[in-house]
Each structure stands twice: as structure tokens, then as C-alpha cells.
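Top line first, the protein sequences correspond to chains G and X. So for the first sequence, our numbering puts the first residue at 510; every next one is plus one. So for the second sequence, our numbering puts the first residue at 510; every next one is plus one.
Hints may be right or wrong, so weigh each one.
Given that identical chains are not distinguished, each listed pair holds provided it fits within a single copy or across any two copies.
Calculated pairs, PhoX-like style, for lysine-lysine (alpha carbon to alpha carbon, straight line, at most 20 Å) [as the list claims (entries may be wrong)]: (1) K785 with K667; (2) K696 with K622; (3) K967 with K556; (4) K564 with K923; (5) K790 with K926; (6) K923 with K556; (7) K926 with K564.
Simulated from the structure, these hints should not be mistaken for lab results.
One letter stands for each residue in the lines below.
Number of protein chains: 2
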Amino acid sequence: MANSARIDALRNRLLTAQTRLTREKTFALAIIVIGEPTAGRSEVVNKFLEWLDPKHISVHALDPVLMQDDDDPPMERYWRTLPARGEIAIYFQGWYEDYLAPALHTPKVLGRKAERLVAQIKQLERMLTHDGVRVLKLDLRVARQTQQARIKTLRASKATRWRVTREDRWLAKHFGRVRKVTDSLMKATDAAYARWHVIDGTDPDKRLLDAGSLVQRELETAHKRTATAVAKAPKSGATKASKRAFVTRPPEALDGEQYAHELETLQGRLALLSRKKSMRKRAVVLAFEGMDAAGKGGTIRRLTGALDARQYTVVPISAPTPEELAHPYLWRFWRRLPDRGEFAIFDRTWYGRVLVERVRGFAAAADWQRAYAEINEFELQLVESRIIVRKFWLAVGKDEQLKRFEEREEDALKRFKVDQEDWANRRLYDAYQAAARDMIERTNTDYAPWTVVPADDKRYARLQVLRAVCDALTDELKK
Amino acid sequence: MANSARIDALRNRLLTAQTRLTREKTFALAIIVIGEPTAGRSEVVNKFLEWLDPKHISVHALDPVLMQDDDDPPMERYWRTLPARGEIAIYFQGWYEDYLAPALHTPKVLGRKAERLVAQIKQLERMLTHDGVRVLKLDLRVARQTQQARIKTLRASKATRWRVTREDRWLAKHFGRVRKVTDSLMKATDAAYARWHVIDGTDPDKRLLDAGSLVQRELETAHKRTATAVAKAPKSGATKASKRAFVTRPPEALDGEQYAHELETLQGRLALLSRKKSMRKRAVVLAFEGMDAAGKGGTIRRLTGALDARQYTVVPISAPTPEELAHPYLWRFWRRLPDRGEFAIFDRTWYGRVLVERVRGFAAAADWQRAYAEINEFELQLVESRIIVRKFWLAVGKDEQLKRFEEREEDALKRFKVDQEDWANRRLYDAYQAAARDMIERTNTDYAPWTVVPADDKRYARLQVLRAVCDALTDELKK
Chain G
510 MANSARIDAL
520 RNRLLTAQTR
530 LTREKTFALA
540 IIVIGEPTAG
550 RSEVVNKFLE
560 WLDPKHISVH
570 ALDPVLMQDD
580 DDPPMERYWR
590 TLPARGEIAI
600 YFQGWYEDYL
610 APALHTPKVL
620 GRKAERLVAQ
630 IKQLERMLTH
640 DGVRVLKLDL
650 RVARQTQQAR
660 IKTLRASKAT
670 RWRVTREDRW
680 LAKHFGRVRK
690 VTDSLMKATD
700 AAYARWHVID
710 GTDPDKRLLD
720 AGSLVQRELE
730 TAHKRTATAV
740 AKAPKSGATK
750 ASKRAFVTRP
760 PEALDGEQYA
770 HELETLQGRL
780 ALLSRKKSMR
790 KRAVVLAFEG
800 MDAAGKGGTI
810 RRLTGALDAR
820 QYTVVPISAP
830 TPEELAHPYL
840 WRFWRRLPDR
850 GEFAIFDRTW
860 YGRVLVERVR
870 GFAAAADWQR
880 AYAEINEFEL
890 QLVESRIIVR
900 KFWLAVGKDE
910 QLKRFEEREE
920 DALKRFKVDQ
930 EDWANRRLYD
940 AYQAAARDMI
950 ERTNTDYAPW
960 TVVPADDKRY
970 ARLQVLRAVC
980 DALTDELKK
Chain X
510 MANSARIDAL
520 RNRLLTAQTR
530 LTREKTFALA
540 IIVIGEPTAG
550 RSEVVNKFLE
560 WLDPKHISVH
570 ALDPVLMQDD
580 DDPPMERYWR
590 TLPARGEIAI
600 YFQGWYEDYL
610 APALHTPKVL
620 GRKAERLVAQ
630 IKQLERMLTH
640 DGVRVLKLDL
650 RVARQTQQAR
660 IKTLRASKAT
670 RWRVTREDRW
680 LAKHFGRVRK
690 VTDSLMKATD
700 AAYARWHVID
710 GTDPDKRLLD
720 AGSLVQRELE
730 TAHKRTATAV
740 AKAPKSGATK
750 ASKRAFVTRP
760 PEALDGEQYA
770 HELETLQGRL
780 ALLSRKKSMR
790 KRAVVLAFEG
800 MDAAGKGGTI
810 RRLTGALDAR
820 QYTVVPISAP
830 TPEELAHPYL
840 WRFWRRLPDR
850 GEFAIFDRTW
860 YGRVLVERVR
870 GFAAAADWQR
880 AYAEINEFEL
890 QLVESRIIVR
900 KFWLAVGKDE
910 QLKRFEEREE
920 DALKRFKVDQ
930 EDWANRRLYD
940 AYQAAARDMI
950 ERTNTDYAPW
960 TVVPADDKRY
970 ARLQVLRAVC
980 DALTDELKK
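When you get a sec, could you build the whole thing from the sequences and use the hints?
Here is the structure:
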């Protein structure tokens, strides 16, 4: 078959696969494209854009984070650009750029970070694959002599000289080093769920056929796999209730005056800490979890009462929107991280994955079980970017919760705070307790610790949280 | 009636109004709160957050743009945070901060910009009100003596001293100047669609009742108004087709070789321009409009073929998502503006308001008619932030369009590009032409000009666009 006929056939299959993807929205595809100068990286991507429906493809090319003056966690910008189910995203270099650029240009800057970066990449790709984003990785190459000849030809004519950038020339000059660094990175990040594919870029038709066939096969395989996966998805396991209960009743009772004084003092302490110069280079993430009516909202208002409104955001988390559901579950949290100098206070969090989604069976057992490690990694990346992370479980007793529900229902002004969902969750009180216990056990890390707060007395709980936040800031702002 | 009973009654009505808003999603409410130290600004807002469902209220407080090192158009961050229909957003200072902060601290920096800022604020509020975002503006005040006494008391106790910030003390010290600047700004920005309300902050209960009643009345009035407006909304007027037609056939025919050579040369010119150092402080917005099959996609690919993938984003615009529909129509474009040094290429644009929305009757006549001025203002704000804006109408003839539709339908690989919508739009070809003519006449500004490109010959059109972009960059990058 002639090349042009084969290309047309490929194009047809690709288009069919994309149309099905757009319609069924069962998964997303992220394509990483790296390559050597003149091997046809841009040409291949441009053809994809011409062949397929560009409304459902986005192309991303970003400068390497390590070489920029940027404090955000390196993976944040990739998370932000992740394709929703039904969409294709093409990344030039993608999350490999943060390794490749310094490895080539400033190996010293990379240094000890290399191993950690590789671990982050592998963890990201594993999580994406689990969460419905297929990852396909292509590397276009040409032999050194071909590359040199092509660069020479392009530079010889005034009309085509612009096609060879300074970067291309640098890469061509360091051909051996580039290939060595790339080879070792590819070896370290080749995995069953995200294979590297090397494509010979010598012949324009052949490289297009090779790259296109890989994309087409990835799409078709994923379509088949999703069909099977949906059929086989295991039911979320019933949770065996743990016998041990959280302490919900505080040891001491506070009278109103005592409380008011302590509150004012602690708020003052927090206010002064938040104004410290050293805060400008840090950021704070506070995560609040607890049963309905545990007092999260009231506690959060006592915190924000001490902060400048310019310095904090409260992020209320409820059931995910359709857009959020179309992305990996951590996506919506990556988008709400605080800037430098700021606080982000989450009223419910990413722990929903191992709480409500586990208990109510919204996530398959395998999915919430791997979430502990994914969340630990997520928080580690925040802490590595000098974000202070603290997590609070407000432990309210079953009787006290019932009392609060009933009070709310009797009060016209608070009735809206209790709905059928809350009662449904209450019936699963014991299962939630067990889930919370597992969660704390498996995600209580040195770098992002949990504080369990007895919350049957609202005043006590508020002061405890304020105190813990103040202590954490006092401690962290010295570092 | 005792204060506490009145507060409970108010709380009840507020909650009812918010619940209705959340359910019906007929409008959004933006509340601007400014105020003098100790007048109870934060206290009032905190009460609202306690009373209402905080999942549907967001609070925003931002540093003034003019005093930051930020190149983005000042209004961009407000657009990004606008509440969707059904939501309430509270802005501490909001878009007034960009005026107030420099007016107080660095009047010289403000200087001639003052008038322009006021005009931008008024235009923004007018547009928001038209587009379903009600704007309520509150200013909390206390008499000078009260303020001084309160600050003295707070500072006298170690426990409460933190409540008086350095900024508060500065504002108290310059009481007269603060009030004068605020008064004149309020006077300049008081309008029927967005009134200023001064609230006496002396008594904590009274200020809460006053502020709360204003919010409640705004919500209730808006509920009524929306009900009437929906009933009365005028039908989009039928468009009288203009007799004059665009030139669609180019004067010259190009052979393949000539075309290839010119394309390569122009792409080279564009590539070199895009790499200029002066580009780093600029950004480029290219807007493409034209009938279906006019060749927008192919033209855009010839532009991006000359650019570094890190430097551009192509933004395909199709029918708005539910989230986009819940916001003013310019919202989704404000979110896709280019960073410094970058190109944003829009495949269809904000002009949809005066093209498809007008022709198909998706927007009321009054709405698309005021859009010309709104769009001119939008583009002016971009240009004022040193963004280069160029707009292209690809004029394809009715016969040529039909030919392309038929070719696409016969080609399995291109069939997906023509759907029922395209045929429906084609039946309105003449109406679209008239709409395009009006659009160009009313939005062809010096700072953001249109280029009408005869597009019956694809090659000719591509070269024309490339040339126009190169000329614009050559010209602008000197500035």
C-alpha cells in the first residue's frame, strides 16, 4: 500500500477513535512528545491537529519550573492543564521538561533533586492511569549525521534559516549528551502503564505513520479496556466498624468569659504570626474534616476572624461538579492552592476520597485504597514547596451530633444546614468513624500531621484548633 | 421590636432570598464593602457568612494592582472572580481598591489615570448589571471621635491590640483625606444601576441591620425584576440584509511553488519577530471570525507553524458551557488572555455576541446592541496593558462555502467538520454578512483594527493574514 493510502487509512481510524472518545467520555489521553531537532516533533503534532477535531485537543508547552523564579509546586501547572475525559492533551516535553532542561543545562541545580523528580513523575503517571487519563510517551529521533545535514540545509537558505533556533543548535552540538540524558530518563520512567516509544524521524511519512499508529492503538486499546473495567469494577467493600472511638468530650469545661478571653488572645497570636515577614515566602493549607455538624464552619470563622481578608481563602468542598468528575479526583484541589503569603482553608478536603467516597461506595475499593499513598505524595509536594500543611479531624459524638441536628431542624434559621444527605451519613456514623481512623493512621505524616480535636464542646474545639495552628506557625516560620 | 428580634427576622428573610437565588439561579450578586477602621466592615461580613449558606458565597480581597508589579489588565482579576448566577461574591474594596489605594498613598501614581479608572469602573458595573450581576455598594463609617476612642481602647489592652493594624492607624491619622477621597470617588461612581449606601457603623446591631436590610432588599428587588424582565425580554430584531458584499475573491492567483516560497518567508519573518526581546513585555491577541469553512483553522495552523509551542495557545470557541452561560458573556474570554511574551489565538471570539447570538436570536436586541461598546472597552483595556490586538474576518463567498461543505461531506476524513448547525447558519448567510458588516463598522478601532481578508482562495488568505500579523508586530514592537 502506498504511503498516502496508509496515511488516509490511519487518519480515518484516528478520527473514528477520537469521535468515540468525545462521545463516550470514558477516558482522557495525555500525549508527551519529546524529540531531537529536525526529527519532526512539531510537524507530527501539527498533522494531528489538522486531522482531528481541534476543539477536543489542547497543546501545552511550558518552560521548566526549576529554571524559573516560581514557588509553586512543580506539578501544579500540569495538574491544571490535565485533559478531562473525552479530551486529548499534547504536551511538548510536559513534566519531563523539569528534569531534562536542568539535566542538560545546569546539572548542578538538578543534583540531588533528580531522584525525587523521577519518583514524582512515576507517581503522577501511575495515578493518572488509574484515574482515567491514559499516558502515551513519544520520542522522535534522528541519527547525528542526518541531523547535522538537515540543520546545514535549513541554515543555508535565507527563507528557512529561522527554522533552526539557538536551542536546536545547542542540542545538535551536544548530541551525545542529550541522547545519554534522555536515554537514562526514559529508562527510569518506562512503566507498564506509561511506556516510552522511540520513533525514527528520518522519513516524514514513516514517522507520521508510526506516531499516528501509536496514538490510534492507545485510543482503541483504552476503549476496549474501559469497557472491560466498567463491567468488572469491584464493589466498594463494606467497612467493618472499628470498636475504638475518638475522644469527643473535652476534659475541661469553659465558661463564657474565660472562652472570650482565650479566643481573643489566640486570635491575636495568630494575627501577629500571619503578619510576620517570614510568612511572605510560605503559604498555609489547613484541612478540616469531621462528621456533619462537628463545627467545622464555626471553627473556620474563628480562624478567619484573626486574618486579613486579603490573606486567606475558604474553600468549601461539596459534591464534585460534572467538570470535576471528568478529571482525576485531586485536580480540583490542585487548582485551589494558596499563593505565597496566603492561607487556603478547606472546609472538607481531598480526604473525601477515603471518607464519603469509601463509606458510600462512590469509589471502588481499589481506588480509595491507593488514595492514601496518593494523598501523602500530594501533601509532600506541597510541603516541598514550603507550604505549611495541617489537618484537623473534629470528633463529634453520636449523641451530640443528633442533638445538633435536632436543634438545627427546630431553628428556621439553621434548618438549611441539615438535609437528607446528612441523615443518610449519620446512619453510617460507625463506618465513618472506622474510615476516619484508617485515614488518620495512614496519612498522619511528620510533614502534614493530623490533630484530632474533641468537638462535643464547640468552644473547646475552636480554641484547640487555634492553638494548634499558632503552634504550627511558630514552629514552621522559624525554618 | 427589640434588636435581637429584628435581627432574627432579617436573618430569616435574607436566608429565604438566598435559598431562592441558589435554586432559581436567575442572577448573581456582587457586594462591594468599603469602610473606615472600627466601623465594623469585617464584623458585618462575618455575620453574613454565618447566617447564609457559605457554599454559595465567596469573599475576595485583593491588593491594589497599580501598586503591584503586575502587567495584567487591572480588571482581569475581578472578571476571574465574578460570581455565577445563583452565587454571591463579597469584595472588600473590590475594583475600588485600584483607585483608593493610590489616591491615598501615591496620588502622583494615580494622576491622569484617575479619570480612566472611574470610567472603567462605571462601564464594568453597567455591563455587570445588564448581564445579570447585581452590584451593591456599602461604605461603613464612624465619626472621627468615635474612631479615635475605639482605637485607643483596643490598643490599651494586650489582648485586643492586634485588632488595630498599621494600616488602620494610618487611615485614622488621615481621617479627613480618606473621607474626602472616598466621597469624591463615590460621587463619581454612584449610578442608578449601582448605588452607594453609607452605613453608620457606630452601633454594632444597627449597622448589621442596615447592611443586612440593604442586601435583603437588593435580593428581593432583583428577584422581582428578573421575573418581569424574563416576561418582557424583547425578541432579537430580524436583521435587514445589507446589499454590499465583502470581496471574497482575491485579485491574484498563486501557483503552488510561489505560495510555498512566500509562506516560508513570511513564517520566517513572524518567527524572528516573535523571538524579539521586546516581545517579552508585550502579548498578542489574534481574533479570527468568518463563516463556517472560511478557512480559520488552516490559517491559524500556518501562524502557529512559525511559533514556538511554548509561546502560543489556540483557543477554540464553541457554544458556551453551563458554567460559562451562568456568567457575563465576556467572562470566558477574560480567563484566556495571554501572559507576557505570549500569543493567544482565538478561533471564534467574543464577537459571537454580535454574530451568531444576534443572527440566531440567542441574545436580546438590547443585549447585542450594547455589546459593540462593551467589546470596544474590553479591547481598549487589553491594549492599555500593552497587549497587541488584531482581528480578522475571513470573507468566503456563498458559492465557495457551498463547494467546501460538499467537499467535506464527501470526504470521510472531513465529514465531522460539517454538521446540521453549519447548514442552519448557511441558510442565514445574508444575515451573517449584514451582522459582520455592522460589527466591523462599529468595532474597527485604531487600537484594535479589523482586517477583512478575501478567503475564496485559501492560500491567498493565509498569506494575507501572516503578512498583516507581521506588519502589526513590526509596528507595535517599536513602541
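Alpha-carbon proximity between K967 and K556, which holds within one copy, between copies, both or neither at 20 Å: between (62 Å within a copy, 18 Å between copies)
Status of K926 relative to K790 across identical chains (alpha carbons, at most 20 Å): neither (37 Å within a copy, 50 Å between copies)
Copy assignment of K785 with K667, given that the CA separation must stay at most 20 Å: Classified as between: cross-chain Cα gap 18 Å, same-chain 58 Å, threshold 20 Å.
Homo-oligomer pair classification [K556, K923; C-alpha up to 20 Å]: between (58 Å within a copy, 14 Å between copies)
Intra- versus inter-copy proximity for K622 and K696 (alpha-carbon distance at most 20 Å): For K696 and K622, the Cα distance is within 20 Å only inside one copy (17 Å; across copies 57 Å).
Intra- versus inter-copy proximity for K923 and K564 (alpha-carbon distance at most 20 Å): Classified as between; 14 Å across copies, 45 Å inside a copy.
Homo-oligomer pair classification [K564, K926; C-alpha up to 20 Å]: between (41 Å within a copy, 11 Å between copies)
Comparing the model with each earlier hint shows a violation of hint 5 alone; every other hint is respected.
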